[in-house]
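Keeping their order, the protein sequence lines are chains A and B.
Numbering of the first sequence is given in this note's numbering, commencing with residue 1 and proceeding in unit increments.
Numbering of the second sequence is given in this note's numbering, commencing with residue 80 and proceeding in unit increments.
Treat the hints as calculated values from the structure; they're not laboratory data.
One or more hints might be untrue.
Said to hold, decoys possible - Pairs of lysine-lysine residues, derived as DSS-like cross-links and limited to a Cα-Cα distance of at most 25 Å, are as follows: (1) A:LYS29 - B:LYS191; (2) A:LYS36 - A:LYS19; (3) A:LYS29 - A:LYS19; (4) A:LYS36 - B:LYS133; (5) B:LYS208 - A:LYS36; (6) B:LYS100 - B:LYS133; (7) A:LYS53 - A:LYS19; (8) A:LYS53 - B:LYS208.
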Amino acid sequence: MMMNCREATRLMSEGQDRKLTLSENVELKFHLMMCKGCRNFSDQMGSLRSLMKEYARPADAEDPSKPGSDSGDSHSNPK
Amino acid sequence: MTFAEPNSAATQSLLDPAFLKALRSQMLAFARLQLNDDQLAEDAVQEALAGALKNAEAFNRQAALKTWVFAILKNKITDALRQRYRDQEHVLAEEEACKNGEALDDELFNQKGHWHAEERPQAWNAPQKMVHDRQFWAVFDACLNHLPEKQARVFMMREFLELTSDEICDSASLTVSNLHVLLYRARLQLRECLENNWFAGTASGTTGVS
Chain A
1 MMMNCREATR LMSEGQDRKL TLSENVELKF HLMMCKGCRN FSDQMGSLRS LMKEYARPAD
61 AEDPSKPGSD SGDSHSNPK
Chain B
80 MTFAEPNSAA TQSLLDPAFL KALRSQMLAF ARLQLNDDQL AEDAVQEALA GALKNAEAFN
140 RQAALKTWVF AILKNKITDA LRQRYRDQEH VLAEEEACKN GEALDDELFN QKGHWHAEER
200 PQAWNAPQKM VHDRQFWAVF DACLNHLPEK QARVFMMREF LELTSDEICD SASLTVSNLH
260 VLLYRARLQL RECLENNWFA GTASGTTGVS
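Between the sequences and the hints, there should be enough to build the whole structure, so can you do that?
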């Protein structure tokens, strides 16, 4: 039975939180070979994680564009 | 309050009203997003700042001080979340996971479980470049705030506080499979929101989030 996109996306999410089994991985890879939408989804799981890291990183003076950074944003009103 | 070494740059920073005010509002924004409770957020920020003042002399750079103050704040938030979950019934999580999940499922996938054509994920254009775009972060913030409360909380515990699945399950009284469902829903929805409101169409378009 072939994996569908719902199952594939669920596995890709779980892959962020636990190690997938070999057979899960094989089935997922097989699905991804044929499904562009899920390949994009796979890339985006990685993007979400690194964006969250960036979001969580406490602001520093070098990057004024992030939320909570030195030179102010929508949350802060330093003057 | 007096300090042993009033010349320490970090101490000066914390005594500078403008810096302190800005830092405080940044911390509050973080804390509110996760605790969803103004009073708890205020308390966590207050405690973190008090802890920081006590040891400010050890830091001679503003950036190092900030990193450290936020590390304290993360701990306070984790404690507050643990306490809250201990106090409340966790049945709610299962209900929310099912209710919210089914609606989203139907919206994104057809009966065979494949993407509806118009919902199929598109390639994102250079997401790593967005970190310098203030408007992007406004959209990101709004998308996070649109997540259902429970999903948002476990997602932040996982991705912001970087707790392991076991730690989250432990403090939130969730089963692992329950947690995975909540995290899956959160990621599905956050992805969808970012694509609709940022990556699709003009990058500098509207910041309104639906």
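Here is how each hint holds up against the structure:
no., hint, verdict
1, A:LYS29 - B:LYS191, "19 Å, holds"
2, A:LYS36 - A:LYS19, "23 Å, holds"
3, A:LYS29 - A:LYS19, "15 Å, holds"
4, A:LYS36 - B:LYS133, "54 Å, violated"
5, B:LYS208 - A:LYS36, "23 Å, holds"
6, B:LYS100 - B:LYS133, "18 Å, holds"
7, A:LYS53 - A:LYS19, "20 Å, holds"
8, A:LYS53 - B:LYS208, "14 Å, holds"
Taken one by one, the earlier hints fail for this structure only at number 4.
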